[in-house]
Amino acid sequence: MTPYEKWVAYYTIIRKEVVRLLRIWPQTFLPSLVTSTLYFLIFGAFLGSRIGMVHGVPYIMFVVPGLVMLSVVMNSYMNTSFVMFQSKFFMRTIDEILVSPTPPWVLIAGFISGGLIRGIVTGILVLLVALFFTHLVIHSVAIIILFLVLSSLVFALAGLVNGIYAKSMDAVNIVPTFVLQPLVYLGGIFYSTASLPPFWASLTRFDPLFYIINGFRYGFLGISDISLWVSFAVLGTLVLLLAVVNLYLLKKGLGLKQ
Amino acid sequence: MEDLALKTTDLRKTYADGTVALTGVTLEVPKGDFFALLGPNGAGKSTLIGIATGLVIPTGGALSIFGVDAFAQPERARRPVGVVPQNLNVNPFEKVIDIVVNQAGYYGIPRAVALPRADAILKDIGLANKRENIARELSGGMQRRLMIARALVHDPEFLFLDEPTAGVDVESRRAMWTYLKTLTSKGVTILLTTHYLEEAEQLAKHVAVINHGTIVAQGTIDEMLALADGRTPEGEAFRGGKLEEVYLKLTQQAPEQN
Ligand SMILES: Nc1ncnc2c1ncn2[C@@H]1O[C@H](COP(=O)(O)OP(=O)(O)O)[C@@H](O)[C@H]1O
Ligand SMILES: [Mg+2]
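Protein sequence lines correspond, in order, to chains S and H. For the first sequence, position 141 (counting from the first letter as 1) is numbered 141 according to our numbering, and the numbering increases by one without interruption. If you count the second sequence from 1, you need to add 1000 to reach our numbering.
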């Protein structure tokens, strides 16, 4: 394929995905908005005043970045894992692409972009909802965007690996519920690790979400429990690692071809 | 080499669960041919098509399409190929026109070019009035025709059809035959699998009979008939009966392997 033909194939995959996301928006965009509205209500309006300040900012301002990240990470992951799983398992529509000359990396890029679109759009929507509950301070737009994109990318890639490997619908649902969710909640959405006992604080350092949430929060508030460079390094490494795993799986046809 | 559409040499496939599907298939399909691959259920027909179209990973052997090694240059080899799989694999929620146009996209054909082409094919194949319907709203026979339209949108030179008329009523079957004949008259090479002997006799120039993963006979229809004992063919009905006799003889020789 010429570069232009590859671009057409890539655009086709994305366009199809956007049509799908919009068609079933109550399943794709709405759930995160409902959950985060509840969180904002509880932690902002109801509990916030009792908790007081964290790192010198009102509690709701402290939790907003983490809650946005929660949506970004979950939506990116669930999108790629589910779309990949359903297209290889239920109707075998993935064969439409596998029989074509579209190279594996274009397929990966297309599916990942679908995850990015869902993750980032949902994140922005949640951020807009947050504006009803608090005002936002912005320390650095560039850092916010960078972390938004990188985190979405990491989890879209991870979701794709899950989708390619999964042999049942359970295998797709298990990770978000039993792995992702705990990692996000324990990664410091609701508290600063500075307030944790040393054992728990050091355990948190093994949680990739810790780096994501802190980096993203830094973009807004200019405060972080760790150095930004460490966050970047962790995310960058994860992106590279996961991209290689995906490419390998698809090239070998593992999980997709018999 | 160049005048062969498909050449397989000692093609083998053992599935992950140990099922031996192909035990060394050597086959040649001339360019422009209408080739019927006959064989009972489980003989290995779909496996062969799967390997040729990049959906099944072979265990051994070689396969080339128009002289291009399909294992060394899979994307290049797939380019001139269209495939209609045995099982329905259209996304039930996608619109007919989108299914066809998106498929063109995976071959690098932009929407603007694909749309008029898709409309022309849908008209030819009798689905023009279903253009805006989602696939779920089509009958089984219509979905099968939709899969043919999808396989043709990039103007393939080589069309694989895996039991395209299974479960299709007699009238539609005849219409499909006529349509397939117009395709071969335009120079498209067709490889069709079927277990309707009448279909092979009506359409095919060359026939191969596959049983238990190996080709047990190969040649023109007349050569196949000559395999029947002694008597010379007389009327059409007798011919048909005769082909059946040959077919049964060929496919019942080897005992069931399980
Ligand atoms: N994915 C698979 N895993 C294991 N065995 C398979 C798979 N697909 C097909 N087979 C087996 O391979 C053999 C050939 O199947 P297939 O190529 O579908 O035959 P046909 O199309 O001629 O009916 C059968 O025994 C079938 O059960
Ligand atoms: Mg079959």
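Just so you know, these hints were derived from the structure itself, not from any lab. Yeah, the Cβ is synthetic: ideal placement off N, Cα and C, and Gly gets one too. It is possible that part of the hints are untrue.
[Stated by the list, open to error] Derived PhoX-like pairs: lysine-lysine, alpha-carbon spacing no greater than 25 Å straight-line:
no., chain 1, residue 1, chain 2, residue 2
1, H, K1095, H, K1130
2, H, K1205, H, K1249
3, S, K251, H, K1007
4, H, K1205, S, K6
5, S, K257, H, K1007
6, H, K1007, S, K88
7, H, K1130, S, K252
[Claimed, not checked] Some but not every residue of chain H turned toward chain S, in silico, with C-beta under 8 Å:
no., residue
8, R1012
9, G1054
10, R1078
11, A1112
12, L1115
So, going through the hints one by one against the coordinates:
1. K1095(H) <-> K1130(H): With Cα atoms ~9 Å apart, K1095(H) and K1130(H) stay inside 25 Å; holds.
2. K1205(H) <-> K1249(H): Satisfied, since the Cα-Cα distance of roughly 21 Å is no more than 25 Å.
3. K251(S) <-> K1007(H): holds, 24 Å
4. K1205(H) <-> K6(S): violated, 37 Å
5. K257(S) <-> K1007(H): OK: K257(S) and K1007(H) at ~22 Å, within 25 Å.
6. K1007(H) <-> K88(S): Violated, at about 29 Å.
7. K1130(H) <-> K252(S): violated, 38 Å
8. R1012: Given a least distance of 14 Å, the restraint on R1012(H) is violated.
9. G1054: Where the cut-off is 8 Å and the nearest Cβ of chain S is about 6 Å from G1054(H), the hint holds.
10. R1078: holds, 5 Å
11. A1112: This hint is violated: A1112(H) lies away from chain S, its Cβ roughly 10 Å from the closest one there, beyond 8 Å.
12. L1115: Since chain S brings no Cβ nearer than about 13 Å to L1115(H), farther than 8 Å, the hint is violated.
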